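Can you build the whole structure from these sequences, using the hints too?
Top line first, the protein sequences correspond to chains A, B and C.
Add 18 to the 1-based position in the first sequence for our numbering, that's all there is to it.
Add 132 to the 1-based position in the second sequence for our numbering, that's all there is to it.
Add 359 to the 1-based position in the third sequence for our numbering, that's all there is to it.
Derived from the structure by calculation, the hints contain no laboratory data.
Bear in mind the structure is a predicted one, so any value in this text is a computation, not a measurement.
Among the clues, some could well be false.
Derived CB-CB ranges, DEER-like [stated by the list, open to error]:
1. N240(B) x E409(C): 54 to 62 angstroms
2. E165(A) x E616(B): 47 to 55 angstroms
3. N582(C) x K84(A): 53 to 61 angstroms
4. D437(C) x Q234(B): 53 to 61 angstroms
5. K380(B) x S411(C): 49 to 57 angstroms
6. E618(B) x I575(C): 49 to 57 angstroms
7. E618(B) x S411(C): 30 to 38 angstroms
8. D437(C) x N321(B): 40 to 48 angstroms
9. K84(A) x N321(B): 49 to 57 angstroms
10. I143(A) x N536(C): 43 to 51 angstroms
11. E165(A) x I224(B): 29 to 37 angstroms
12. D407(B) x G545(C): 53 to 61 angstroms
13. K395(C) x H392(B): 53 to 61 angstroms
For glycine and all other residues, C-beta sits at the position ideal for the given N, C-alpha and C.
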Amino acid sequence: MNLELIHKYPREKRFTLSILQDIQREYNYIPREYMEYIAEYLNQPLSDVYSIATFYKALSLKPKGKYTIKVCNGTACHIRGSESIREELLKVLNLEPGETTEDGLFSVEVVNCIGACALAPVILINDKYYGGMTKEKVKDLINSYREVAINA
Amino acid sequence: MHDTTIRKKILVCCGTGCLANNSYSIYERFVEKLKDNPNITVETSIKATGCNGLCEKGPVVKIQPDDISYFKVSIEDVDEIIEKTIINGQIINRLLYLDTNQKKRIVNHMDASFYKHQHKIALRNIGEIDPLCIEDYIERDGYKALHKILFEMSPEEVIDEVEKSGLRGRGGAGFPTGVKWRTCASFNNFPKYVICNGDEGDPGAFMDRSIMEGDPNTIIEGMIICGYAIKSNKGFLYIRDEYELALKNMQAAIDNARSHGYLGKNILGSGFDFDLEIVRGGGAFVCGESSALMASIEGNVGEPRAKYIRSVEKGLWDQPTVLNNVETWANIPPIILNGANWFKEIGTDTNAGTKVFSLVGKVKNTGLVEIPMGTKLSELVFDIGGGIINNRPFKAVQTGGPSGGCIPKEHMDVPLDFDSLSKMGSMMGSGGVIVMDDTTCMVEIARYYMDFLSEESCGKCTTCREGIKLMLNILTNITEGKGELEDIDVLESLGNTIIKASLCALGKTAPNPVLTTIRYFRDEYIDHIVNKKCPAGVCKNLTTYFIDEETCIGCGICRKKCPVDAISGSLKEVHVIDEGICIKCGNCFTACPKDAVKIGGAAYAY
Amino acid sequence: MLIKIDGKTYKGHPGETLMEVARRNGINIPSLCYKKGFEGLGRCRLCLVEVSEGKRSKIVSACVYPIKEGIEVTTITDEIIKMRKDIILLLLLRAPDNEYIQQLVKEYEVKAPERYIQNDNDDCILCGLCVKACEKLGTKAISLVNRGITKKVSTPYDDPSKDCIGCGACAETCPTNAIKLEESNGIRTIWNRDFDLVKCSICGKYYTTLDALKFIEDKLASNEEHICDTCKKKSTASKFKESFQHIY
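So this is what it looks like as structure tokens:
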């Protein structure tokens, strides 16, 4: 375990969420041993830390793909066809919602408005925004990421 | 030797919208190209600024002092801009903004329809300064208000001024800011806290994001002023974790302000201490509710509590707390600096000042717009927004996000202010304005919001959690063709109970999208339930497309646009859609130049 | 502090909730998530009443509403009955087979349209009392997890909890009997974990778990006699009787 992630925070309950966020960022999910260690470190019941970890949507208990694709379903994106983009992504990646591709590369999630409404419909791959998305652009975009991953 | 150098400022918009379109590489290219500027007569400074508002036409590059604005600039344009505009003062026509209302290209963006109706207070600096450069902010009167209150005003005078200005909280309900501060100041219980709500979560609203990204210092200054007024020494900014750039710029601005003596101990030698800390939100819409937000800062699950004792008395860690949203804070320094009377002159009697709206959806010019309170909705959508994309029929706007409602075109003259929107059954909310055309189904929109809220409700109280779930089930049934007329009555009756009986503002406003769509679009509900037809062609079970033989000119555009080859027909002959193959994507419907593709009802009986 | 409830005047103490005053005076305000001695939770929403303060009146939830001097409370109006009916309907759709909810359904004459009934029956109505009981009497082994319509009560990861002592305080406080507690052959099973039961040294009946006993002993730093509550009461009563006789 990389305990530095946790030890840099004071042992105060109010840092529970911050620590969980940092771990999420590092590992793309909250491994169980970290959750248990946080409870111990902050002297909080495990049930409380678990409660927080399952409440906030930015946190995940399951590992996510190397590339997390977030399909914005804010209202502006919704009425400009975000649903059909999500369907196309799942089709191209052969995924069920919430799953990760077998090669561990991609997972798709629907997120609420990410505040880039003027570019609707928008998807985010990790931290990069793709505005004005269309169904037709999906395949090439995925392939370009796949290529980068293969060449890496 | 006298100085003949011409100074030019190149402002490259680096708000989230423009960044998505690669504006940062444009900025870097300018820096790179002008690094060893061989031209001795032009001296340039290049700034990466916050959002200019018109995100859809980004990346935006402005050249000062000539007041030239270029839109949709690409990296390939940089050399040409330097050569022609910067050095030789020529205008590149193709990069100018094409105003569809005035049907001409515009040199100075302030002359464009999108901008010329605007009155910027909260957004005054955005797009004009480098948010990471505190000197830019100071140059535009930044921290002058802070000087003024620390050395010329008592805390009471500060509260008087804010109260007199008539400023109401920009976060949603429009509670008078001065009253909030005064009540909090009245409790002799220390420590007290100041909080900035930057957990912007209303789908369709992104003004807070833009302010945090583009002018972080105005928020900091506003919060320090409040701290002084209510005698608090500590503030928190609760910012959505997804807003990476906002977090980065806010943190940099806080650090910078501290090193300039605006934050920390003994601010500017006044003896007053105040400091700020950022807390990242965890992705929960309900944390925009103040008591849930405070619970979240404390390290708890973001569940709201009953607010029979207000947070100005018992807020964060049960201490007196003032919480305002980002846009409210951005209004404070100009109010202090220019006085309450100046602010009151703008807007209407009971709704002073301006409001930032994010104009999005099926409208031509999408982006952020700051206009005086009381401006008519039609002015926003048509004069500023340029009307509906593809000139389709306008149907409604949704305001206030999941707590708001849909306003039909019959009420387009409603003034945009807190009270008028509430009267319509909608809400100002944080200022999202989502424009809808005839291809938006109002029943499906109501279903969409219930779906959103079923996930975003904290789940604490029965009426909100189970009530939203039932409304979602009923609406899903209707959109699938399984609705019955009594469903409308149940939705209305249940909606009223949820409003009255729920614990927090999320639940108390959750039924608004359903109730307003029933109120203004009951026919559309009946079409779904009785005629098994979705007039907008959105609900797949209730939609068939067919081609009107009289109108079809056989151009073949629909055939080419069909992704599943469901359309057949030879050139110049009437085309036909094969019902069995059609996936109801609607491509043919929007593509047909003659509107010959028509929407029919359900193909099957449900 | 004087307040009026349904026309009659009652005394209350500052800081008390409306529910506390009502219960003390035998006034029935329905609730599923209120328990004496626990702070109000405001979750089930059945305890809605109307409070008037001067000319203004509003609907409040009695279990979390702190009383104020001079308020006038009405516990039943047509509006309140309508709201309670709707709330009971929502609970019914969640827990259609639960006998406690059925009692409320009968009392308030609620009927649910057949086609709204879903197949995801759950006896738990998420009142949160079990979580509170575990916090106060036990070890905080369970909590409310997830949010929105997927909210539920569980141990972390739904696994047998290391912290749980099997004391059963959660099951005892549950208003809808939703928490499964099974006992057979000296073993208690709760939250997917088995616990050894301990017999009362007087009556010989199983009465608590070994872990719960150890927890109390650790907390009190003393060795408890293994006596169940019923026998304890009996023995206290007889001791009291003895000393009583002794005096006279």
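Exercise. Against the structure shown, which of the earlier numbered hints fail to hold, in ascending order?
Worked result: none
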